[in-house]
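Chemist: Each residue of the sequence shown is one higher than the last, beginning at 113 in the working numbering.
Hints listed in this document are in silico derivations from the structure and should not be mistaken for laboratory results.
Don't be surprised by glycine CBs; every beta carbon is placed ideally from N, CA and C.
Among these hints, one or two may not hold up.
Okay, the calculated beta carbon distance ranges per label pair [as the list claims (entries may be wrong)]:
| id | residue 1 | residue 2 | range |
| --- | --- | --- | --- |
| 1 | R326 | R505 | 22 to 30 Å |
| 2 | P323 | E352 | 19 to 27 Å |
| 3 | A426 | D496 | 20 to 28 Å |
| 4 | R161 | G466 | 54 to 62 Å |
| 5 | R467 | E411 | 26 to 34 Å |
| 6 | P338 | A453 | 36 to 44 Å |
| 7 | T399 | R467 | 22 to 30 Å |
| 8 | E507 | E262 | 28 to 36 Å |
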Amino acid sequence: MTDIDDDELDAFIKEDFSRPEKEEGLTAAEERIIAGFEDIQRFHAEHGRLPQAGTNRDIFERIYAVRLNALRQSAQCRAVLAEYDTQHWLTNVAPAAENPATMSDNELLAQLQDIIADDDLTTLKHVRSPEERQAAEYIANREPCANFAEYAPRFASVRQELQAGIRQARPFKKESGIRLQIEAGDYFILGGQIAYIAEAGEPFKDSNGAPNARLRVIFDNATESPMLSRSLQRALYKDETGRRITARKDGAQLFGDRLATDDIESGTIYVLRSLSPEPQIRALQQTLHKIGVTGGKVETRIANAENDATFLLAAVEIVAEYQLANINRTKLEKLLHQFFASAQIDITINDRFGRPVQPKEWFAVPLAVIDEAVRRIQDGSITDYRYNPKTARLELVLPG
């Protein structure tokens, strides 16, 4: 994926944390701080470990790693999140030098905004130039997005499409005389957050005669900001890890019976049925399927199935194949497995050496449902659905 920095530090502050002078509830800034830390907690709950930085890590894990590092560096944030930090991830650092209760929201956000990570997402530095401060002022102007529920599915879809390689996050190349084009419907990564251009007003000329436009920019932490396109351009150029998220590749390029001459063949999604004589397998034979992705021939992949615990030590039958092009096989396979995780079977068999093995790629899902899921990945609507193992159907997820 791409290098991502964290300016999402504008996503953390806490509740009242025993501040007698602030009893009216959470401010917008505090809600963003808490939400940012809860993202890290959810990552730990899902993966059993804290997020880590590194070029081999997923884009969002790297964002969370930078965020956690920055929280540890901020005495104010540690104090703010003390009640939420039940795992004590933030406590092995020096005590807070100043009581956040005496600071205004703008002062605290300004401190957080000064923390920007470098290319490898590990070294923190302070932003000092007037130009950089001006480019970052939009953060202070953010406010909660009242109708964020309408946009949340968009962000979820973009995240999954980035992880599956359907979209890409590309760095900017600043060339003399060429300005970044920003239009309604575009997605960017700015300061570690996904930004969606929900609205773009009529173009006009600024005082220097340069083209400009008023934008409504919505961020994936449920905030929004009115911005000028020139201001957003400057912010993206100043952020060394700012990225444009490409448009979703056309589904016909990802799946199909034929490849265009300029397509890159990426492999095949395969669906297998087990021919095992074992009673526990035979009882599920009509709905039990192995879902995988391979870069070679499926026949070669299954040639030694009888001796491979991955295939339940039995012959298998190919029941479906979907050709891929221009897509990351590993990430697509992970997406499919996550989507059907609720239907993954829990079975233990002994391999040919007598050692217990738990195959992970077998799911109790009807073939027709797998086919529908693949089609919805193809047209980009998969994030609007979930699999219900009780009804054995895909169900539309209603926003809110």
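Chemist: What are the numbers of the hints that this structure violates, sorted from low to high?
Modeler: Numbers 1, 3, 4 and 8, in rising order.
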